[in-house]
Every structure is written in C-alpha cells, then in structure tokens.
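**Q** First to last, the protein sequences are chains H and C. Each residue of the first sequence is one higher than the one before, starting from 0 at the first, in numbering that gives the first Met the number 0. Each residue of the second sequence is one higher than the one before, starting from 0 at the first, in numbering that gives the first Met the number 0.
Misleading hints may appear alongside valid ones.
Label-pair restraints from in silico Cβ distances [claimed, not checked]:
id: 1; chain 1: C; residue 1: Val99; chain 2: H; residue 2: Ser531; range: 54 to 64 Å
id: 2; chain 1: C; residue 1: Leu106; chain 2: H; residue 2: Tyr76; range: 33 to 43 Å
id: 3; chain 1: H; residue 1: Asn113; chain 2: C; residue 2: Pro29; range: 50 to 60 Å
id: 4; chain 1: C; residue 1: Glu60; chain 2: H; residue 2: Arg446; range: 52 to 62 Å
Each computed DSSO-like pair below joins lysine-lysine, with the alpha-carbon atoms no more than 30 Å apart [stated by the list, open to error]:
id: 5; chain 1: H; residue 1: Lys317; chain 2: H; residue 2: Lys299
id: 6; chain 1: C; residue 1: Lys96; chain 2: H; residue 2: Lys227
id: 7; chain 1: H; residue 1: Lys50; chain 2: C; residue 2: Lys73
id: 8; chain 1: H; residue 1: Lys319; chain 2: C; residue 2: Lys49
No wet-lab data here; the hints were simulated from the structure. Since this is a predicted model, take the numbers as computed values, not measurements. All C-beta atoms in this analysis are idealised placements derived from N, C-alpha and C, irrespective of residue type, glycine included.
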Amino acid sequence: MSNDTPLQKKLPWRWTEGDLTVTRSNAWSGPGCHEGCGVLLYTDSAGTLVKVEGDPENPFNQGRLCVRCLALPEVTYHPDRLLFPQKRAGERGEDKWERISWEEAYDTIVEKFNGYKEEFGAESVVFCQGTGRDVTWANGRLCYGFGSPNSSDFQSGMACYLPRLASLYATTGNFLVADCSQYFPARYDDPRWTPSECIVVWGCNPIISNADGFFGHWVVDCMQRGSKLIVVDPRLTWLAAKADIWLQIRPGTDAAMALAWLDVIIREGLYDEDFVEKWTLGFDRLAERVAEYPVAEMAKVTWVPQEKIEAAARMFAKSKPAAVQWGLAIDMTKESLPAGQAVTALWTVTGNVDIPGGMITTFLPYGADIWGGDWGYSHLPKETKDRRIGLDKYPLLRWGLPLAQADEIVEAMLTDDPYPIKAVWLQASNALACMGADPEKLLKAFRRMEFVVTIDIFKTPTAVACADILLPALTFPEKDGLRAVWYHIGNINKAIEPVGEGKSDATVAIELGHRFNPDSVPWTGAVEYFDSVLEGTEMTFEEMREAGGVLYPDYEYKKYEKALERADGEIGFNTPSGRIELCSSAYERSGLDPLPYFEEPTESPLSTPDLYKEYPIVLTSGARTWGSFHSEHRQIPILRAMRPEPLVEVHPETCERYGVADGDWIWIENHRGRVKRKVHATQIIDPRVINADHGWWYPEQEAAEPSLYGMWDVNFNKLIPWDPGRSGFGANYKSLLCKIYKVADGEGA
Amino acid sequence: MSRNGLLIDYHYCTGCLSCDFACNQEFGFPLGQSGMKVAQHGPWLIGEDKWEYLFVPAVTELCTLCSKRVKSGKLPTCVQHCQAAVITYGPLEELAKRMVGKTKHVLFSR
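Taking the hints into account, I'd like the entire structure generated from these sequences.
**A** Pasting the structure below:
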C-alpha cells in the first residue's frame, strides 16, 4: 500500500486510454499562471478536451493540480473566448467590433507601427505585458525586433517580482529561491537534499498564490518532513495558523521587520562568521546601519511585540538550514529594493546561501531564452538603447534588466516627454482592472494613443476601453510551446485544434516579427524557434517531448566555491567584488543608498497622522484566492462560485466601530476615490487594518462604457497612485489609508 | 476480501478543494456536487496565539473510490490531485493500523 504511483515510468508524450487520447504537457498560460505544472490532457474522438489531470511523472507537481487547471476545459471552451481578430467599429469604449483576417490585422499593425517609427522613432511604440508568463519572451522579441527599447508592464514601480529580481541581481549577481528539492527529479528522495529546519514565509501565501515558479504546497511537503514555520503576514493565513511563530506585521513595514531581525542576529552574534568573512562584502557597514533600527523601536513601527520579533529572529538564525519563501509584499513597498536587500541579508549573514534546504541560486534551464533572456535587446543600436524610458531618472535600470520604467511610460504617454508615445502593444494584460495604479490616469494615457493593440484569450475592460485591434490568443492545450522557470524545461504540447482562429503568442511573435524585421526572427515558425533556444539541451523540441517532455539540468550546491556561479568562471559570486554585497556597489554606482533602509509608507499612521485622522484604517490588498489568477477566471462558473463577489476582510471589532456587518456592501474610500466591497467579518486581520480583494470586474455586466463590465465601482486601483520608489522599483500597492461606510440604498450592490 | 478506504491526515489539509474539483470533473457531477466535500472550521482564536483553522475532507454518497481508475492502475483522483498529499488509499485494515498513534487523521470506508 502506497501512494507511489503504480503507473509505469516514462510514459510517452501521447497515448490512448480507452476512447480517449492523452497528451502530456506543461500548463503554462493562458490562462495566466506562473507555474507550468505537468498535466495530462484528455481528448475524445472528436478532438475535444474533456479532462485535465496532473502528470504523476512530472517531478514539479507530482500529479497534483489546483482547481484552475482542473476546470480548464471550461476556460478553453467558454463562449466568451476571443475567437478571431477584430478591429474597432465604433469609438473607444464602445463595444463595437468588426471581424477581420489575421492578414488585415498584421498589415494594419505593421503600417501603423512603421508609420510612427518613421515619424517619431521606434521608441514611440511601447510593448507591455501582464503576468502571462509564456508571453514574456514573445513580448520582448516583438519589441526589440521592431526596434523599440521600451518593453515593460503597466504597473507602478513594476511592483511584482521585478523588484526582488533587480535587488538580488544587483547584490548577489543571481536570483535565489527556497530549496524544496525542486531542482532534483527525484525530489524529496534525492539524498543530496535535506529539508529546511525553518522556513520563513514572508509576505505571501504560497499555497494559493503559487508565484514565481514556486509550487506553494512544497512548503506543506516540507512541513510534513519536519520544517518549522515562521510566517510574516498581516493576515492569519492557513500557514500562519500552523506556524511556530506568526508575526502579524503592519502592511508596508517589511523592511523594518527584516532590519529588526538583523539587529537581533548581529547584536547577539547569531550570524555565521565564517561565511560572512569569506563570502560577503560590507558587513561592518551593514551592522552600523542595522543599529539604527533597534528591535524595540521597530516593534512599535511594525505593530509586532518585541519579544515575538526576537523569538522569530533567534529561531531563524539558530536553524540551519533555513530558507525564506518571500513574496509580493516586498515588491509592493515603495522602497522595495532596500526591503529586499534587508531580507537577503538575513539568509546571507546566517550562511544559508546555496546549501541544501537553504536559499539556492538559480539559472535559466540550459540557458533557454524563454523565461528570461536577451530576446534581441543587445542587437539594438546604442542610440536606441539610450532612449529607453526611465534610464535618466533611474540609472539602476542600466545595469539590470533592460526594462523601461512603467510610471515614466505612463507620464510620457500623457505628456510627450521625453518624447511622444504613439502606440501600445498590450499582451495578456488587463492593466486597467488589475495591475495598473490609478486607472483614470492610465485610461487618459491610453486615450492619447493613436493606436492600441491587445492580445488575450478573453475581452477585458482594458480592451474594450483602449484597443483598436483585438487579437485572440490561445489557452495552453491549443498550442505548442516551452515552459521554463528556473528548475527545469518542458514542452507545452498542443492537444486540440484552436477553438477559433486564435494563434499562440509564440506564433504571433514569429509571424509579426517577420513583418517588422525578418532579420530579428531568423526562424520559420514557433517550433523552429524552440529548437534554437533548446540548443543547450542538445535536443530538438520534438526530441525533448519524445524523451518525456521534461528535462532537469544537473544541479550543484555551493556553486560559489566551485567556480560555477560567476559568468567569468572564477570562484565567488557574480558581483563586481565576487562576494554577496551587503553594501551594494551597484546601488552606489546608481546613486542609491548602498545599504538597506526602511521608509514609512507614503501614507500611514506614522507618516501622515493628519490624513490618518480622516482615513483611520490601514488598507491592504492583493491576497490571492484559489479560483482566480488576479483578474482572470471571473467568467468561469465553477471557479466564480468559490468567490462570487469582491470581499473585504474586516475585524468584527472594526465592523462594530463603523456600523457595518458581515455581508454588508461598503465603500472603501481614500482621498483618491472609493470602491465597493462586501464585508467578510473575520478575526484573521488586525482591527486597525482591512484587506480588500483586487482585480475585480464583472464579465456578465455591460461591456461598453461607462460600465466597462462594472469595473469602476469595484476597481481597487482607484485608491493607488502611480508613485514608485527611488530606484524606479516598488510602489505602495499594499499599504494605504482609508475609511469605510455602508453603501446607501439606491447605490446598488 | 479486504475492502479499501481513504485515510486523511487532515492536519495538513489546506482547503485547496482540488479533491472536490477533481472528483466533480472526473464524474461530470452538477456544479457543487462531488464525492469529496471539504468542511472548514475556523479560523477562530481559541487561546493566546492559538487558532482553530482546519479543513476536514469527507466522502459523500457519490464516492466510488474511483473503482474504474483503480482497476486501470491509477490512484483515485482525489488522492492523486490532493495538493497537500494528505489522502492515502488502501485496504482498510492497513490504513487503520497506520492511523494508530496518529492525531488528526480520519479514515473513510465505502
């Protein structure tokens, strides 16, 4: 008796079971998801997708799946799917469209984009994306192939993952993840791996969010293998309830918390002297800085008792190995880079770098140019690169990811400064309803555009408001592709014919790329492109799927000791000093403070006491729910039933104070606007804080303006300004102030 | 002949509902119906820093222990898809033995 799968290992990539055909694949967007779990796609004799199961032979998820993949057929065959290219037949904001051919769509896009290029330069067209994951490389290829240096997203401070990436690349020369054995095909049974003694879950709820290629239930696997938990979260999550220590932090004070831990660890000598001495730079300066953030003071700042912070810091420092599974809350503080730097220092000074069960360094699997890469950027002429938006204001962008700065793009769209922006290519992004701050401002910026193209699997409020051409993308069973986030690479295998005339983002990148500039895409089609990026595997796309469709590169720990970490093949880390820079030369070079610091949220009980009198509740947002990926899946009945309406979590005492009750519709208001939410009274949140859902719209409501699928009344972003951190990274999406009151009769639900 | 059942370590059930959904899809039940439904208890504060926050899956009359899947060499769909890997399928006697000395486990026979 055992739960070990009795299936024969090494099944082929396609086989039959009774009347059904089974196609093995990797579930990588659309619909949106970071993960790329191994899936088995069951199709009937008519070629219809009838069922999705987890692939028990895929080490990543080991047969497991979440509800969104289990419900995938309902997404793929939903009657609202975009099925063919359309052009706008009325005014922007009207929901009037005319069906066109791909040829006409491509011709129009090429004519328009090339026209702006001729008159205003290629940089006048920006290419932005959402969190589609399998669109990342396609977006980059299109942007740089066209000749524009402006690839980004419409999110203030690019405040999702990118701040942590930028922070880690700047200070360690690589990215690090909590080691839950994910680099080994044999997973928990691999003798090289050992479970963390302590895992810190910081600013995320990984079992629901599954962010950044990290399958959240790995934390639960590790708990079952003995790992203890510390959870830093303003809400009692399930993980927090199971944790040894839960620190109920005031939203936006993550850097203060990390600095307080460092204060305890350094003062009490709980750091790894040997590692600090051999492999880090600037420890003394870090210690001086940390002394400015004594734990007693930070307890007041973070609203967490001093003893609890000390207990957590000691527990973490005395556990080895220990790991930190961190999340979006770090990115969504305005000074996110120093916040990330402080958390990085925690696992660094305790010597938990690149050891089993610690924080391990990562690489693109086989160097495949998918999840990250150059995507043709290096081929842009220097004068074009120099015109990337945001470079002057945010010099750090010169040394890290070649992103254009999002807030500056929106400014340029509104003001023509530093130069006019004429067109936007928007891929897998519902920016108005989901990732963008202040949507009224963003809409104004879009309205100044002469031409906007969106490509997505469903029509969104953003498309109805802004798009001139609407292109249909595909769900993953309809396409071939590659899944590559860190640990392994795998085939996305097409199991069904596209439901309509949609094309994969990969195919569009190649076909439209040919029309932009044939030299930029020297591949005849998507599969030939995949073959080229798989060079490092010494397999073709076809060969890889015949071999099982999932490849794991060899993994080694302590690469910094083995000359496997640096680009130049020397020993050490991939930084200028070869060490992890606790005091960062990259930041210094960019005119930034080289050491971690904490800055109060721009609006908070401590930074704006007068505003706090008027808006006496701290407001946070962004907690994820099982049935949706941000603003997606709202039209899928079985998933919508899990969260039919946008909720706000309010402590019962707070409900009483403001005369609202569980189930009431209330307004959440600040000085920028107000949005509706339904009250969920719960003790999981501090009475001084409320937590509102994000990413809401109602696909069942009127699409045309002014409704935009009922978006305006429930669009949380109305409360958030475009206001990034000093580095250009980070924004206070999760730490605002507000007041609440009941929705009056006649104001609707 | 020994009958089979499901042993669930509900201490680690995260309430992800993959069991419920996988069963619903496997058998095409109407929206909301499944051979496995998950009850939620809490979150309630029940002492200083002590919370009741449990999810407890329970089989319904619709559960067949996936007899067809099992015959073809697969695990019951709830067992395979459980994200927290807390459901074990096997002969009741063996599961009962395994349960001895454990807390927060529940055994279902069909």
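**Q** Would you mind marking each hint as holding or not holding in the structure?
**A** Status of the hints after comparison with the structure:
{"no.": "1", "hint": "C/Val99 / H/Ser531: 54 to 64 Å", "result": "58 Å, holds"}
{"no.": "2", "hint": "C/Leu106 / H/Tyr76: 33 to 43 Å", "result": "39 Å, holds"}
{"no.": "3", "hint": "H/Asn113 / C/Pro29: 50 to 60 Å", "result": "53 Å, holds"}
{"no.": "4", "hint": "C/Glu60 / H/Arg446: 52 to 62 Å", "result": "57 Å, holds"}
{"no.": "5", "hint": "H/Lys317 / H/Lys299", "result": "25 Å, holds"}
{"no.": "6", "hint": "C/Lys96 / H/Lys227", "result": "27 Å, holds"}
{"no.": "7", "hint": "H/Lys50 / C/Lys73", "result": "15 Å, holds"}
{"no.": "8", "hint": "H/Lys319 / C/Lys49", "result": "26 Å, holds"}
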